[in-house]
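Engineer: Residue numbers (this note's numbering), protein chains in the order written: chain A, 13 to 745; chain B, 2 to 326.
Because the hints were derived from the structure by calculation, they are not lab data.
One thing to keep in mind: the hints can contain errors.
Lysine to aspartate or glutamate pairs mimicking EDC-like chemistry, simulated, CA-CA at most 20 Å apart [what the hints assert, rightly or not]:
(1) K220(A) / D62(B)
(2) K220(A) / E58(B)
(3) K579(A) / D36(B)
(4) K45(B) / D69(A)
(5) K173(B) / D223(A)
(6) K220(A) / E53(B)
(7) K45(B) / D72(A)
(8) K212(A) / E58(B)
(9) K238(A) / D99(B)
(10) K63(B) / D223(A)
(11) K212(A) / E50(B)
(12) K614(A) / D35(B)
(13) K238(A) / E58(B)
(14) K56(B) / D223(A)
All values derive from a computational prediction rather than experimental measurement.
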Amino acid sequence: MTFRLAAVLALVWVLAGCGDALWNDPYPAADRGSNTLFSAFVERPRHLDPALSYASDEWDFITQIYEPPLQYHYLKRPYELIPQSAESLPTVRYFSADGREIAADAPPEQVAQSEFEVRIRPGLRFQPHPAFAQDASGKPLYLALSEADIRSRYRLSDFPQTGTREVTAEDFIYQIKRLANPRGTSPVFGHLSEYVIGLKELAAALRKDNDKLLAEHRARYGSGDKGLPWIDLRQYELSGVKLVDRYTYRIRIKGKYPQFVYWLAMPFFSPIPYEADQFYAQRGMNDGRNLTLDWYPVGTGPYMLTENNPNARMVLTRNPNFRGEAYPAEGEPGDEQAGLLRDAGKPMPFIDRVVFSREKESIPYWNKFLQGYYDRSAIASDNFDQAVQLSVEGQATLTPEMERKGITLRTSVGTSTFYLAFNFLDPVVGGLTDRAKKVRQAISIAVDYEEFISIFANGRGIPAMGPIPPGLFGYRDGEAGINPVVYEWIDGKPRRKSIDHARKLLAQAGYDNGRDSKSGQPLVLSLDTVTRGPGDASRLEWYRRQFAKLNIQLEIRATDWNRFQEKVRTGNTQIFFLGWNADYPDPENFMFLLNGPQSRAKTGGENTANYQNPEYDRLFERMKNLDNGPERQQLIDQMLKIAREDAPWAWGFHPLNYGLSHQWISNTKPNQIARNGLKYQRIDPELRERKRNEWNQPVVGPLVLIALILMALCVPAYLSYRRRERMAGRERA
Amino acid sequence: MIGYIVRRVLYAIPILIGVNLLTFALFFVVNTPDDMARMQLGAKRVTPEAIERWKAERGYDKPLLWNDSADGIERLTDTIFYDKSVRLFVFDFGNADDGRDIAHEISTRMGPSLALAVPVFIIGILVNISFALMMAFFRATYLDFWGVVSCVAMMSISGLFYIIGGQYLISKVWHLVPISGFAGGTDALKFVILPVVIGVIGGIGAGARWYRTIFLEEIGKDYVRTARAKGLRESAVLFGHVLKNGMIPILTGAVVVIPTLFLGSLLMESFFGIPGLGSYTIDAIQAQDFAIVRAMVFLGAVLYILGLLLTDISYTLVDPRVRLT
Chain A
13 MTFRLAAVLA
23 LVWVLAGCGD
33 ALWNDPYPAA
43 DRGSNTLFSA
53 FVERPRHLDP
63 ALSYASDEWD
73 FITQIYEPPL
83 QYHYLKRPYE
93 LIPQSAESLP
103 TVRYFSADGR
113 EIAADAPPEQ
123 VAQSEFEVRI
133 RPGLRFQPHP
143 AFAQDASGKP
153 LYLALSEADI
163 RSRYRLSDFP
173 QTGTREVTAE
183 DFIYQIKRLA
193 NPRGTSPVFG
203 HLSEYVIGLK
213 ELAAALRKDN
223 DKLLAEHRAR
233 YGSGDKGLPW
243 IDLRQYELSG
253 VKLVDRYTYR
263 IRIKGKYPQF
273 VYWLAMPFFS
283 PIPYEADQFY
293 AQRGMNDGRN
303 LTLDWYPVGT
313 GPYMLTENNP
323 NARMVLTRNP
333 NFRGEAYPAE
343 GEPGDEQAGL
353 LRDAGKPMPF
363 IDRVVFSREK
373 ESIPYWNKFL
383 QGYYDRSAIA
393 SDNFDQAVQL
403 SVEGQATLTP
413 EMERKGITLR
423 TSVGTSTFYL
433 AFNFLDPVVG
443 GLTDRAKKVR
453 QAISIAVDYE
463 EFISIFANGR
473 GIPAMGPIPP
483 GLFGYRDGEA
493 GINPVVYEWI
503 DGKPRRKSID
513 HARKLLAQAG
523 YDNGRDSKSG
533 QPLVLSLDTV
543 TRGPGDASRL
553 EWYRRQFAKL
563 NIQLEIRATD
573 WNRFQEKVRT
583 GNTQIFFLGW
593 NADYPDPENF
603 MFLLNGPQSR
613 AKTGGENTAN
623 YQNPEYDRLF
633 ERMKNLDNGP
643 ERQQLIDQML
653 KIAREDAPWA
663 WGFHPLNYGL
673 SHQWISNTKP
683 NQIARNGLKY
693 QRIDPELRER
703 KRNEWNQPVV
713 GPLVLIALIL
723 MALCVPAYLS
733 YRRRERMAGR
743 ERA
Chain B
2 MIGYIVRRVL
12 YAIPILIGVN
22 LLTFALFFVV
32 NTPDDMARMQ
42 LGAKRVTPEA
52 IERWKAERGY
62 DKPLLWNDSA
72 DGIERLTDTI
82 FYDKSVRLFV
92 FDFGNADDGR
102 DIAHEISTRM
112 GPSLALAVPV
122 FIIGILVNIS
132 FALMMAFFRA
142 TYLDFWGVVS
152 CVAMMSISGL
162 FYIIGGQYLI
172 SKVWHLVPIS
182 GFAGGTDALK
192 FVILPVVIGV
202 IGGIGAGARW
212 YRTIFLEEIG
222 KDYVRTARAK
232 GLRESAVLFG
242 HVLKNGMIPI
252 LTGAVVVIPT
262 LFLGSLLMES
272 FFGIPGLGSY
282 TIDAIQAQDF
292 AIVRAMVFLG
302 AVLYILGLLL
312 TDISYTLVDP
322 RVRLT
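Okay, chain A solo, but in the shape it has when bound (with noise of 0.2 Å):
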């Protein structure tokens, strides 16, 4: 008993060590009430590369580390465009078959060729990392070194000497020419090298110089050997970028491509150093080490990762050598009132580090932000409750208990689009004939969105009316923006045409009451989907409940991702259901996933339905090369019309970004497509720690209830014990 009791002190006292701290608190007590934004993330990234990485998860670490040309305004909605690490917005110049320098305004047919001169603001250095480190000489001290040098380093941190330099020009181009690099598969190359001129002939280059220093290498070391010589990308030459003078450059494209400034905003387009590659490149810095550029970035932006480790956690820190960017003074109205315009023209960025944990379970997640060790937290479908109440008009407001913590909510259209879609090569619900549409147009009737949020979204949506998400250009709202096939406008409201009309629609297609009128066999379709888990059995029941209401037989294809996708490649569907996110805030960047030549099953493009309307194709050819105005809202009412009738997609839903955040933080302001936001937000530490304090007082004494409780229970076995010690040598059954 006494070691019982010994034994429950012990942990007591253990716990108790921690000092002051309390004893939930997951941060080592140097971190309280430091200037730190305490936030977690779920999956590790992949990459860091900004060549490689191409994942919003990823982007929430390297997009405050790198800094592209530019960048969106934090604030402003719809989003626009500003400069980041350039000094200006682009300069755009046009140019014909035979090079002559067009107009502006000149059909997009006529221009053969695209020229964007970027010039970069001068005094931009790079955050201080030993690539840059030089003798007093100011010979490098880290670009040599020879295996014996490196064996003992495990870490940026084993390199004590750190440089900075100026970024120039140089730099930029340099990034351009990493994304033809063989050394690693660029995501985006295949896509921007049918523009950028001269990015394949770069990539063919590089590949036959790769092969030839790959096979010596290997002659020399073995085919496991990962220290493969450097190739310097400066000795190459990319046709399609011009270094105009150290801090200007140029960008020519092939033909029109408007929305290609918006890529200037993406990581891709950062400036890398050579020496960082160079440094990266030595023979032994890969040999179990993970010394790379994917792991350990070279950046310009606000902050610089100084921990890496994304088992467990992620650590930013505020850049020394970051240029200096005052927070924005304007935004969009009703900002200023919800005082986001409080720190106006104030230098950022305002928090000094930044700390990722790895939470890969929502329910540690969740209350470790209900604690308070977390500044901000997203809402799982579990913890919604908890968390959200809807009114009776949709209105989604925080329970008492998040107000009771001075919670804020923060809600946004997602710049994305779920959507069911009809595979077009299909002989029942694809092609453009009377039958097919009007089969698809009353399953878009019958499939009801609204209910479908309210039971799988927890009402965090809103059905869509076509593909382009709210808050982008060529988003119509009210009653000019409803499907006329699917709803209908009553009383101020869209509503979804009754289930009798999609009937009609059905008979008239050929199947009254579920039935093929000329063979008198039920209709029976199939949705090919991917299924996680039992939890999805609702959902697909749901379906089939919703296509019964037109006595259609669904069938499910349930498959795994892998499958899947291949289904839809080689277009093996017949109906299906998938997302888009967008890469940026155009309405190209949505329409196209309806254009006939993007096709996923005859082209692999994006174009998941294959559908192919020749009109649509040909209006969304003009639209995609103007800028927004009268002309191309025009046009995109047109191909909505045209798709809305061909109901290649059962328009499904855009979904409603829930987030929160604790009261010591602020200039919040939620961005769907940037996610640089980090340098704009601004805590209280102070306040954050008040409240620490005042929610994680340790609760000792059930621990001592059950500590007396077990103790109590030891005393009859104890006796009975003894009683039985007493009995030695007698038989017991």
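Dock chain B against chain A, hints included.
Structural biologist: Chain B only, in chain A's frame:
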């Protein structure tokens, strides 16, 4: 004994080749190299050329098991299977599909896995043996009855319940330890207390009940009757004779597990945010990263074979009648 060990090591080679072949076959039945490339490159704007480049870069552009276009021995060696498997036998795990070094990952993740698995293992065995001995001591009494009932009840409850319940009660309501997370050095203590307690409690049901059966079986043997006939006290019989002889089957179960402790716990690591090898394997399966899956399965097989060998050796230590020849 040396000869026995050498023979067992040699036996391990065909077993490991078989395990490798089986992993390879199972993995590539559900994933093609194209699927792997798509998973790594993302779902957007991926061209067939990018997929081919990705495969060529990582050696997945070769035939899987047999290369018809090669000559001689290269028909066998110029294949994905040969390329990816042979180096495993010298513990060169190569790079993950995302380019990260697998050996580095394993070396950094082994510590957190052990920080959780070793205490759960040691404390678990001690608690289970103590509880089982108590039930054996009080056999056929209300303590034994309710002990067995508790064991059955605890066995019937899902491990997830212990985790979520423990996190809720101890971390969320009582604020005694962090809900999840990990830190190095002595700071690890506050993060592993809860998972260790949960791991031990979660294992009591099955462990103690099994050990109780072992002890009861021993108690019924002649030497125990003889010991009692000599007038030994019940505690002396239990600890001096029954426990000692009961250790043989306990060792069988325990020693084989020791090497596999390195592989971590899939569920606990995931829920408690412990960056160990269990979560590494789960992540790799989800990301369809064959390089990691193959390395972890190979490592698991090696450790399991090692565990069996250690079990055999441990027999000789606890039972002098056993000889390894």
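Engineer: State for each hint whether it applies.
Structural biologist: Now the hints, each set against the structure:
{"no.": "1", "hint": "K220(A) / D62(B)", "verdict": "17 Å, holds"}
{"no.": "2", "hint": "K220(A) / E58(B)", "verdict": "13 Å, holds"}
{"no.": "3", "hint": "K579(A) / D36(B)", "verdict": "12 Å, holds"}
{"no.": "4", "hint": "K45(B) / D69(A)", "verdict": "15 Å, holds"}
{"no.": "5", "hint": "K173(B) / D223(A)", "verdict": "57 Å, violated"}
{"no.": "6", "hint": "K220(A) / E53(B)", "verdict": "16 Å, holds"}
{"no.": "7", "hint": "K45(B) / D72(A)", "verdict": "18 Å, holds"}
{"no.": "8", "hint": "K212(A) / E58(B)", "verdict": "18 Å, holds"}
{"no.": "9", "hint": "K238(A) / D99(B)", "verdict": "14 Å, holds"}
{"no.": "10", "hint": "K63(B) / D223(A)", "verdict": "16 Å, holds"}
{"no.": "11", "hint": "K212(A) / E50(B)", "verdict": "11 Å, holds"}
{"no.": "12", "hint": "K614(A) / D35(B)", "verdict": "18 Å, holds"}
{"no.": "13", "hint": "K238(A) / E58(B)", "verdict": "12 Å, holds"}
{"no.": "14", "hint": "K56(B) / D223(A)", "verdict": "15 Å, holds"}
This entry does not satisfy hint 5, going by the numbered hints stated previously; all others are met.
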